[in-house]
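Protein chains: 2
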Amino acid sequence: MIDGCFTLLERSGLSLNNITAVGVGVPGPIDYKKGMLKHPPNLPGWRDVPLLDILEDKLRLPTFLENDANAAALSENLYGAGRGVDNFVYITISTGIGGGVVINGRLMRGEDDNAAELGHMTINFDGPRCGCGSWGCWEVYASGTALARFAREGIASGRTTLISDLAEGYKVRAEHVFSAAKQGDEFARELIQKEGFYLGVGLANVVNAYNPGLIAMGGGVTCEWDMFYDEMIRVMKERALKANIEKLKVVKALFGAEAGMIGAAAVAFNS
Amino acid sequence: MIDGCFTLLERSGLSLNNITAVGVGVPGPIDYKKGMLKHPPNLPGWRDVPLLDILEDKLRLPTFLENDANAAALSENLYGAGRGVDNFVYITISTGIGGGVVINGRLMRGEDDNAAELGHMTINFDGPRCGCGSWGCWEVYASGTALARFAREGIASGRTTLISDLAEGYKVRAEHVFSAAKQGDEFARELIQKEGFYLGVGLANVVNAYNPGLIAMGGGVTCEWDMFYDEMIRVMKERALKANIEKLKVVKALFGAEAGMIGAAAVAFNS
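So the protein sequences, as listed, match chains V and L.
Mapping the first sequence onto this note's numbering, position 257 (from 1) lands on 265, and the numbers just tick up by one.
Mapping the second sequence onto this note's numbering, position 105 (from 1) lands on 113, and the numbers just tick up by one.
Calculated from the structure, these hints are not laboratory results.
All values derive from a computational prediction rather than experimental measurement.
Certain hints may be false.
No copy is singled out in the list; a pair is fine if it fits within one copy or between any two copies.
Cross-link-like lysine-lysine pairs, in silico, DSS-like; alpha carbons within 25 Å at most [stated by the list, open to error]:
{"id": "1", "residue 1": "245", "residue 2": "260"}
{"id": "2", "residue 1": "42", "residue 2": "255"}
{"id": "3", "residue 1": "41", "residue 2": "66"}
Working from the sequences, and respecting the hints, build out all of it.
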């Protein structure tokens, strides 16, 4: 995987002489002092990888690691949908749920650079087990992976739905649910309504925890947010403290997959 | 109630000439710009009270309002159990659950000065209704009020327990549950074990949300924390992200009921 980076760099035709510093967005948790990836739950096999040393040895350039969700939050706060917002939350709804939080104009890193693990806030202590080892985390209910899991569970229990046809024998993914709903599939529409509900529950937690002025949402699932936006906002407003939602804006993030990259570059640029 | 403050001041024999500024800890939400209590859920009848104007008119001294949980957090961070901790959370477990959060050495106020509403983070979206209008908030499960409610529900469903005897016909309170448990009452012990569980669930959320270096806990319920501390910490460690608990300390707050007062004074003093 690291070799892949070097190959890409060679193919790009970029000369290292034109590069002053390197910023890398990586999944947390990170040991910033040692420049090490600790044990990212979504990168099995990576454990205590001294990525900073590996990259600096090869590139001979000052290199900076940043948690990818933090990097994305930073890019949105500096250049994107949350530009100039002092109290800002970025949330990505994708395979998992991640986020980054800006408080008083500064990225909230926490004591171990591992704050704002939004996807791992419990919304039901009796809920299903999460990859992190806990139960009923937000991402177990509202990530793209969760949406696909709910679909598969419904199919296994005998629900008639277009979703299975669209998956063509492959494993059902969140995209299949959205496609089926667009074709009027009843079960897919129910699932997406539930997706909106679960997102709204978690957003209310975010709103009560950080009282942000603006929340920007990115990640694959938000590409289809017209299909669940109303329900998500309704549930959030029903559950969050009234004082915290009077002026709150919830918008789509400006950058897509490149948000983490832009933020990581900003980290290197500003260091 | 406001008149009561003036009466107390007169009785104290303090001369206003010896006072430079006044800090007041009040339940949130507050409109800081207008110096107004908005609609504190735990102070029914108080709605849009211009407390700052009322006090300044009477006292003729610069006056500062601060959310009481924030004030308490500040006192613990400046002079108490969390002294010098850059990323610090104060939690009070009492009638409700409140808190204050310090990030990068600064009080996290949020966009509407209403951040860190820890007691109103959902831990079970299907849970009982909360006074705030949401469902399954942390304080619905783990406040002193919740502990007493669980006891009353058990008694109503026919559990044999000393708790009813100790309440002597009055409404059961959390204190009765702790007293009964000390006398070996089985049901009371179960309830306190559950109290530890629910506190641990919420602490894990706090740990994942803010990644603090230290959490200080105060409020009436913590007076008895020897009885639930082990279970609370066990559940927190089981559910929080490992990276966030390696160095974390959870301690009792240093100040008692006077924490809010000390913090409010500090706000006035530092303004």
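(request) With 25 Å as the alpha-carbon cut-off, assign the pair residue 245 and residue 260 to within, between, both or neither. (result) Intra 17 Å, inter 34 Å, cutoff 25 Å: intra-copy only.
(message) Treating 25 Å as the Cα threshold, decide for residue 41 and residue 66: within, between, both or neither.
(response) Within one copy only: 19 Å inside, 54 Å across.
(message) Reference check for the pair residue 42 and residue 255, CA-CA at most 25 Å: within, between, both, or neither?
(response) For residue 42 and residue 255, only the inter-copy Cα distance (16 Å) is at most 25 Å; the intra-copy one is 41 Å.
Consistency note: the structure conflicts with none of the earlier hints.
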